[in-house]
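Peer 1: Residue numbers are given in my numbering: position 25 of the sequence shown equals residue 25, and the series is strictly consecutive.
Watch out, some of these pointers could steer you wrong.
Straight-line alpha carbon distances no greater than 20 Å define the calculated EDC-like cross-link-like pairs of lysine to aspartate or glutamate that follow [said to hold, decoys possible]:
| # | residue 1 | residue 2 |
| --- | --- | --- |
| 1 | 282 | 42 |
| 2 | 286 | 107 |
| 3 | 282 | 303 |
| 4 | 159 | 303 |
| 5 | 152 | 107 |
| 6 | 121 | 223 |
Simulated from the structure, these hints should not be mistaken for laboratory data. This structure is a prediction, so every number in the text was calculated from the model and none was measured.
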Amino acid sequence: MRRRELLRSLVAAPCLLVGCGKGSSSLRFSGIPDGDKEALKDGYAAVAEYLSSALSVPVEPVHVPDYTAAVTSLASGGIDFAWLGGVTTVQAEQRTPGGVHFVAARESDLHFKSYIVANAKVAAAAGLDVVSEREAGTLAGLASLARPMKGKRFSFGSKSSTSGHVMPRSFLSDPAVGIDPETHFLGGPVYQRQGGHAATLRAVASGAVDFGVLNFASWERAEAELQTQAPVVAVTPEYVDYCLVARGSMPQAQVDALRAAFVELDVAVPGQAPVLEAFAAKKFVKADASAWDSIRAVLARLEAEGALR
């Protein structure tokens with residue numbers, strides 16, 4: 001049996017449908033709203049079309065207003081699987097009855113990083129160098145920004161964002177760097193509650209804040225003018241981030257079929273490029289739950305310190 005036929009046979013069986021005992025005849029998915037709203041809608045429409053064909057089950061995108069809603073929808077059964085960040089992946093694991101299946105991740109998610117950007121005028125006045133070789137950085141590199149950022153306006157992304165808040169905060173507050181965001185920045189840090197990483201970039205570029213931190217991929221995709229107005233002045237160390245997860249109640253055979261549908265994506269195959277583009281992905285790989293242990297540890301520490309309230 002060919003691979004695609006196997007995928008369809010696994011999922012099409014009525015008793016394998018998520019919620020088949022409740023009369024459900026479709027799968028619903030969503031993701032954290034970490035980018036432009038319209039672009040996410042278009043991207044998820046392409047994903048739904050691809051999965052509906054690959055799995056022979058109607059797949060419906062569900063749009064949520066914020067990161068918390070993505071986790072809550074998965075935990076409550078409002079959706080069956082979701083594209084989440086590292087933090088929301090762990091939160092979903094903790095809050096979803098029966099836990100979650102770790103389905104797939106992009107290769108880049110296993111070696112993720114954040115960019116610290118500065119308003120161009122602020123960077124020039126402080127004599128900061130623009131980072132042109134944007135490989136993963138070090139704590140020492142972040143420590144060199146402590147003095148220039150002292151007393152300046154700083155923006156994180158959403159409080160639940162892995163790359164826009166949790167991991168950068170963890171690095172900045174490390175003793176080797178020595179930055180307490182609550183006291184180091186003018187008035188404490190601000191958070192972008194709507195618009196994802198693009199909102200952080202616009203805030204820095206416009207001068208609404210002096211510095212900010214965001215997902216490296218979002219900066220790399222931005223228009224050249226915005227990149228010039230908000231250049232990269234430091235790169236964080238690597239960490240693990242996004243993951244596609246499914247409710248623990250999803251039958252293993254269906255999880256396997258869903259994973260195969262993502263892992264087999266190939267930009268050279270007609271119709272699959274838009275799906276990869278929706279996730280800014282080149283390739284998906286099987287996700288190993290243990291890879292998110294570092295996020296679990298950081299999240300536990302910051303929650304104990306009250307930094308995520």
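Peer 1: For every hint, state whether the structure bears it out.
Peer 2: Cross-check of the supplied hints:
no. : hint         : in the structure
1   : 282 with 42  : 18 Å, holds
2   : 286 with 107 : 9 Å, holds
3   : 282 with 303 : 33 Å, violated
4   : 159 with 303 : 11 Å, holds
5   : 152 with 107 : 35 Å, violated
6   : 121 with 223 : 18 Å, holds
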